[in-house]
Structures are given as C-alpha cells and as structure tokens.
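Novice: Top to bottom, those sequences are chains B and G. Under my numbering, think of the first position of the first sequence as 2, with each following residue one higher. Under my numbering, think of the first position of the second sequence as 152, with each following residue one higher.
Worth flagging that the hints you see were computed from the coordinates, not collected in a lab. Any given hint might turn out to be false.
[Said to hold, decoys possible] Derived lysine-lysine pairs resembling DSSO-like cross-links, with alpha carbons at most 30 Å apart:
1. B:341 to G:352
2. B:128 to B:14
3. G:352 to B:227
4. B:225 to G:352
5. B:227 to B:202
6. B:227 to G:200
7. B:225 to B:385
8. B:128 to B:227
9. B:125 to B:44
10. B:304 to B:427
11. B:385 to B:427
12. B:225 to G:546
13. B:202 to B:225
14. G:200 to B:341
15. B:86 to B:202
16. G:480 to G:410
17. G:352 to B:202
18. B:73 to B:86
19. B:341 to B:225
20. B:128 to B:44
21. B:44 to B:86
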Amino acid sequence: MGAYSTISFDAPKCDGCNDCMLACAQAKSGTDEIARSRIEVLKSNGSFELAMCRQCGDPRCVQNCPAAALEKNDATGVIDWDETKCVDCLLCTVGCTYAGIAYDRAAGHVTKCDLCDGDPACVKACKPGALRYVTTARIYNEVGQLEDLFAPGLSGCQGCNTELLMRHTLRRVGPDTVLATPPGCVPGMGSVGYNGQTGTKVPVFHPLLTNTASMLAGVRRFYKRKGRDVTAMALAGDGGTADVGFQSLSGAAERGEEILYITVDNEGYMNTGMQRSGCTPYGAWTSTTPVGERGQGKTQDAKNMPLVMMMHNCAYVATASTGFMEDLYEKLDRAIAASKRGFAYLHVYSPCTTGWRFPSQQNIEVARKAVETNFVVLWEFDPKNGVRLTRPVDHPLPLAEYVTMMGKFRHLSGEQLEHIQASVDKHAAFISRLAGERDAQMIRHLAANRTAA
Amino acid sequence: MSAVLKPRSRVVVCDANEAAAWGVALSRVDMVAVYPITPQSSLVEFLAKFIVDGTLSAELVDVEGEHSVMSVLQGAALAGARTYTATSGPGLAFMFEPYLRAPGLRLPLVMSIVTRDTLTPQCVWGGHQDAMSVREVGWIQIYCESAQEVLDTVIMAYRIAEHPEVMLPVNVCHDGNYLSFAVSRVELPAQDAVDAFLGDKDVNWHAALDPDRPMAVDPLTGGSGGAGPRTFTRYRQGHCNGMQRALEVISEVHEDWEKHVGRRFAPLVEAYRMDGAEHALVTIGSMTGAAKDAIDEARARGEKVGLVKVKTYRPFPGATVIGALDGVKAIGVVDRSVSFGWNCGPVYQDVMTSLALARSAVPALSFIGGLAGADLTIGHFHRAIGEVAAVARGKAEPGRTLWLNEAD
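Isolated chain B (complex conformation) (with noise of 0.2 Å):
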C-alpha cells in the first residue's frame, strides 16, 4: 500500500475564522450552518485544534464497523463511507480519535471527510494558509518501492537527520552507483562498516576527509572510458566540504569533474565531538568555541558554501532541507541529471540534536523554522537559467524563533542575535537579487547597451 495525500494543519497559522468549517458546510450539505461541516476547528489553550478524518492508515473506524460500511480505499486513500451498509449503529465514531466521522443530525447519519475528490473545499477557503493539501506523500508513492539502499541499523544518534537524508538520496540515486563517504557521521553510523561488515548495498569507500572529490573524480573517469555509466557520489560533511576537502573539491568543480556531491551541512564536526567548522554560524557554541568569560562562541559567520561553488559555474548547484522534502527530491532529480554532465552540488541543512542541542522529536521543526526565518534560503542554479528560489519566504519569522529552539545559542546576546539577524537579511537580499536578475535577460541588456553604444 502506498501514501496518500491529505489535509495538514499549521495551528499556529489558524485565526479561528471558521471560513473552512463553512465552506465544507456549503460544498457537503448545501448549508451555511458550520455545525454541519465535517471539518472542524476547537480553541483550546489559546490554540486550535483540528477535528477531522485523517483516512488513517490503520483505521479503527473501520474496524469497528460491524457491517462494512467504511473501507479504505486503496486507489484514493480515502476513507469510503457506503451510505447503503450503514446500520447507524455509531461505533465507528467511538474508535476514532480524532473526532473525524460524528454523526450528522439533519442527515441522520454518519458524515466525514471525503477530501472533495482532491481538491478540498476547506483548504481553498483557508486564507491564513493553515490548511493544505499536502501531496507530499507523492515522494512516498514514487519512490516507496525503490529499495533502501543502506543496511537497518545504522547507528546515528536518536532522531539523526543525516540517516534520513543518507536513505532518502541513495535510495533515489539507485544501486549503479559508487558511495564515497568522508570521515564523518557517515561512515561514523556505519555506511562503510567496521571489521569487513558494510552498512551499505552499493559498493562504498572511506576517502580521506581531504580527497572525496578527486577520489569520484578517478572513479568517474575510469567507467566513462570504458562506457559504464556509474554514479559517482558523494555524501561528506560540511567540514570535510568547506574546511580541510575544500582543494579537491575546487578542483573537481573547476574541472567539470561528473560528481553528485552531496554536502549534508550540520554546521560543524559533529561525529568528532562537536568543533568549529567553517560553516558553523556566527554566535554557535561548538566544542572549540565555546562559552564562557572571554568567549561567546562563534565570531564568524559561515562561509556560504553553495554560493562558492555557484561561482565554479558548476552544473548544478542547490541547497535543500529535509524539512521540505518535494523540493528536495526535485532537486535531487536535477543533481543527478546534472552529475552526468558536469558538476553537481547539493547543500543539504541538516540540524544535528546531539550537537545543536535540542530534543530529537524536533528535528524537521528546526529544519522547517531555519527556512521559515530565511536563515536557510534555498534556492538553485544552473548555468543556463542562473539562480531561482525556490521556496521563497515573503513574511520571514523573527530570526529568535529558530534559535531559541535550540541550545548552542542559548548565550545568544541581544547583539549577537542582532548580528546573525542582519547577516540572514542581507544574504537572503543577495540570493532574491541573484535570482531576479537572471544571466539571460542581463546578457539581453547588456547585448542591448552594446548595439545602442
């Protein structure tokens, strides 16, 4: 069985107008009495909560029914109510959590969401934005069956952000691929195993943390001479990226090198014990800057990866978050594309619970609020149409709310965090600028001044 899509909820977008519980009234039973809508929105503790069907995946609705009226549905997902089985015995609504299927007096009978045969009633009415139709789980239906191409068991911390990546994108890139992974959380959880067990499917190497680029570089060459068209990938950290790997990594980029080079940046040397790297940010506790008398971490801000590579005119450059998944799988299509003619680099955030600090359940929380306040913008390239943004923020969040969710900026001074604000600002203005100026309409204007001088 497969994913579907579904309704999700932003509770904190919610401003309790009711205009979903409306509009559902209206589509569903020809009515503008909000009592009859099978959506429907509760105050409670100064914020809103959501009733309604969320066609679980293991309904117990359904298996409540004595007369089978309720089925899920295979093809749709949706939880299907058959109106001539229904003995209006209610016990349906009795195993369901989430207040999602209630009987409907003037009816006289069960109603629930049907999700308005995609394309909900409910969520076009949502001004604030707090309902959408959420087809993420496309992802999930596209790519469920392609198999994980790392062993079970990997031992990443609880709730690691790099495992979910490593076997979101290999999984993707498929089995004809070789797999260097750099010292690092990587290799560190296992991908090339330890005493000769490998925690990995397709063949896979430690580089040194210095040569990942030149090392794909050889391996790509060799199996393109010979005709084999193998993936040449690569999932480093950002230290081995930034920091010590930077050289060979220039090289392959400048060279054209055909590599997916994958940068899963958790801001520092994480598996080592947490030290500085050069794409930790300005004002971060790390393990070598850390806080104390005559230091409050961090007094640099991070070199901008994904832009220095830009620069080397790359094939393909993007950076992604595991909080945005649709757009990181997109790009991930793009980046292998790309590696098979050039150079093709994925920055990938990925916040770290064990040396960011903050409960593991709150991993795509981070991820998603470093987007929502601009401090990760992301964006693409390609030399052909130039930089895009691709989730753009219009109304970013106070910079406070990301980091305040985790502790190494709990010393964060007011000038501090003043600090990384300005920094946030004038790197998402650069990005918004490189993107409205696309490289075709400047080469038109310049070609225009030309032929007018």
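Fit chain G to the given chain B structure using the hints.
Specialist: The following block gives chain G in isolation, referenced to the frame of chain B:
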C-alpha cells in the same frame, strides 16, 4: 647490458624524464594524473603531449595539486585502471596523506619519484631525501642508474605491482637533474614485445569499487581486542608478506624482461668488479656511474676494490647485499640523503642492519654526498675508496660520517 634489438624497436636520444614517459606509453596505461613540479615537469609534459597527439590512449587528468593526483589515481585504480604519475620533493610531501594509503589498499600504482632534496634549506635540485623520507610507508622503491634503466623499469614496475602475490604500489626513482635532464642513448622496445611481456591487464582483484560486485572498501578496523585489531594485524602481515614476496617477483620479472626485450639489469643488487675485492663501496642511483669509473681507475692501479649498487631498496634485499659483499674487509656506503637521528645515510643504516643480521663484524663507513644537486665526481669516490681502504688495512677505524661535498 647487451642490446638485442627486436624488430621495430627504436633508438632515441633523450633524458630520463622522457624515457619514463616512453615507458608509460608502452605500458598502455589508462589514466595519467599530473601536476608539474621541478624537476619532474618535463616528464608530465611529455605524457600530456603523448596523450594529445595519440601516442598514448589514456585519460589525462590535470589536477590542482599532488594530493589530488594520488587521490584521482586511487579512485581510478579502485575502478580497475592502470595508472601513472610522477612527482618530486615538495610534491611528494603534499601527496603524503593519500600516498600513505595506497599500499594498505594494495593498489598496484606506479609512480616515478624524480628525486629532489627536501626543504628547507630551499632547494630545487636533486638529492634522495624526498624518496628516502617515505622509505618506511610500504611502497616498493626501485632506484635507477640510467635513462635506459628508467624506461625499462617503469614497464617492469607494472608487472611487479600487479603480481597477485605482491599487489603493491611501486616507486621508480630517478635522480633529479642528473638523470631527469641528462640525455643519453635510449632504446625503445617494440610495442608488441612490451604487450607480450605485460600480458592482459587485470588489476581489479583485491579491492574494487564496482556496482557489479558491491563491497565496502576499507571499513573501520582496530580497537582494543577481538576482530578489530585482528583484522588490522592481518592486513599489516599481508602487506609485509607481499613486500617480501616482491624480492622474488622483481627478480623473476627482470629475467622475463630479458627474455622479451633482450636487455638485463640487475634486479636487486648489482655487483661490479667484486671479484677478489678486499673492500667495496655501496651506492644507489645515478652516482653509481662516477663511482664505477673510480673503481675502474683504482683497479687499474691494482687496488682490489669493487662496488655494490642497490637497485631495489624497498623491500631491502639485505641477504643479497651481504652476499655481494662477501669477503670484503671494509665497506663504504655512499648516500645522497640523511637519516636524521642516526647521523648517517639511510642506505648505510640498512647495510649495517643486514651485516648485524648476518652476524658480520665487517667495519663500514657512512659517506653522505650529492645533496641538493652537488656533483659526486670520480674524485669524491677516490676519497671514499681511500678512506675505506685505510679501514680495510687496519690503519683506521670507522668513525664519524664523512660529508663528501663539505669542502667543495
């Protein structure tokens, strides 16, 4: 060195850098990664030209430094390629990290070291300090005396490196300046003779990065007990066994080369005019030419002196060296580099160790000369012969290390 020219072999006049490049071309390598450095530069220029004009069909990778040179070639070798590169002095120092790793991965790489003295003092001239500094890291090291020997040895190096019981990288060392830029007559063996000698290339036995047979290359080992350190120890032992087996393989390969091409070089150690010698010099590399002239002149005077040249330095053919020196009463070892901490030359140290293992008490002297391009002339060797002769006759005791160029 009797030349039996095979059909279609050619004679050229070239230096050892070009000779090495010809050896590479004749070996039909798949990939060459290059980064220029004095005095190696012309070697990689020749190779680039060979590739561009079609003399050699190979992938040319112009990288941004020696560290990547060694890395690109390791990637290619793990995918199954026959590879080549060359470097010198600071370039070797810069590639040290991946260089150190090649023998442990058992990759049959061949790399020339066009020897150069190490910094500092700043210097671009020849000397063996670069190659000697990496003598203990697990590569096979072979030192050549002439441009012809360089060409032939580069080709033989592939047979040695790729031998299934060796599977180790080989450095073919030739002296910067004295060999790299000095031209001489060189015979190019016929391509079909080289093809027949090298056989089908199959260098992808041990560790491979191939999606058709996925494996994890170089998983983590070690620890305080159990499988980890046992695995590591087994790798080290295997490496040492490969090194020792190489002593036999190098000899076999030299014999086979003679069968195919008609030229013979002493594979491990060359004994020169050792018949009835009462004392002897031990040399390595290009200095041997001037040393042999000095030996000839001393023999002409009636002095019973001979010479032993070390060609294969790692693995060190200790027993062969001692065998060649059998019967002498004193030995003088001339090094073009220094063993810091022992205040002598590294070859001297190895000879002393070999003597000790053979329970021999023959006295030996350490001479150091030819550093940073300094010329080692026939005169210098006469001085060395004189010092050794005095010890052989019991008129002197071997004492401090003698620096042959200190008074030049």
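Novice: With reference to the structure, classify each hint as holding or not holding.
Specialist: Here's how the hints hold up against the structure:
1. At most 30 Å may separate the alpha-carbon atoms for a hinted pair to count; residue 341 (chain B) and residue 352 (chain G) meet this at roughly 28 Å.
2. With a C-alpha separation of about 10 Å, the suggested pair residue 128 (chain B) and residue 14 (chain B) falls inside the 30 Å cut-off, and the hint holds.
3. Distance hint between residue 352 (chain G) and residue 227 (chain B) is fulfilled; the C-alpha atoms sit about 14 Å from each other, no more than 30 Å.
4. Restraint check for residue 225 (chain B) and residue 352 (chain G): satisfied, since their Cα atoms lie roughly 18 Å apart, inside the 30 Å limit.
5. Between residue 227 (chain B) and residue 202 (chain B) the CA atoms are separated by roughly 23 Å; this keeps the pair inside 30 Å, and the hint holds.
6. For the given pair, residue 227 (chain B) sits about 22 Å from residue 200 (chain G) by alpha-carbon distance, which is consistent with the 30 Å threshold.
7. Distance restraint check for residue 225 (chain B) and residue 385 (chain B): the Cα-Cα separation of roughly 25 Å lies within the 30 Å cut-off, and the hinted pair is therefore satisfied.
8. Distance restraint check for residue 128 (chain B) and residue 227 (chain B): the Cα-Cα separation of roughly 57 Å exceeds the 30 Å cut-off, and the hinted pair is therefore not satisfied.
9. For the hint linking residue 125 (chain B) to residue 44 (chain B), the alpha-carbon distance of about 21 Å falls within 30 Å, and the restraint holds.
10. Straight-line distance between C-alpha atoms of residue 304 (chain B) and residue 427 (chain B) comes to about 14 Å, which keeps the hinted pair within the 30 Å bound.
11. For a cut-off of 30 Å, the pair hint linking residue 385 (chain B) to residue 427 (chain B) stands: about 25 Å separates their Cα positions.
12. For the hint linking residue 225 (chain B) to residue 546 (chain G), the alpha-carbon distance of about 68 Å lies beyond 30 Å, and the restraint is violated.
13. Between residue 202 (chain B) and residue 225 (chain B) the CA atoms are separated by roughly 22 Å; this keeps the pair inside 30 Å, and the hint holds.
14. A threshold of 30 Å between alpha carbons decides the hint, and for residue 200 (chain G) with residue 341 (chain B) the separation of about 28 Å falls inside it, so the pair holds.
15. The suggested pairing of residue 86 (chain B) with residue 202 (chain B) is violated, with an alpha-carbon distance near 49 Å, which exceeds 30 Å.
16. The suggested pairing of residue 480 (chain G) with residue 410 (chain G) is violated, with an alpha-carbon distance near 37 Å, which exceeds 30 Å.
17. A distance of roughly 28 Å separates the Cα atoms of residue 352 (chain G) and residue 202 (chain B); the hinted pair therefore holds under the 30 Å criterion.
18. Pair hint residue 73 (chain B) plus residue 86 (chain B) holds up; C-alpha atoms about 15 Å apart against a cutoff of 30 Å.
19. Taken as a hint, the residue 341 (chain B) and residue 225 (chain B) pair is honoured in the structure, with Cα atoms around 10 Å apart against an allowance of 30 Å.
20. The straight-line distance between the Cα atoms of residue 128 (chain B) and residue 44 (chain B) is roughly 18 Å, inside the 30 Å bound, and the hint therefore holds.
21. A distance of roughly 35 Å separates the Cα atoms of residue 44 (chain B) and residue 86 (chain B); the hinted pair therefore is violated under the 30 Å criterion.
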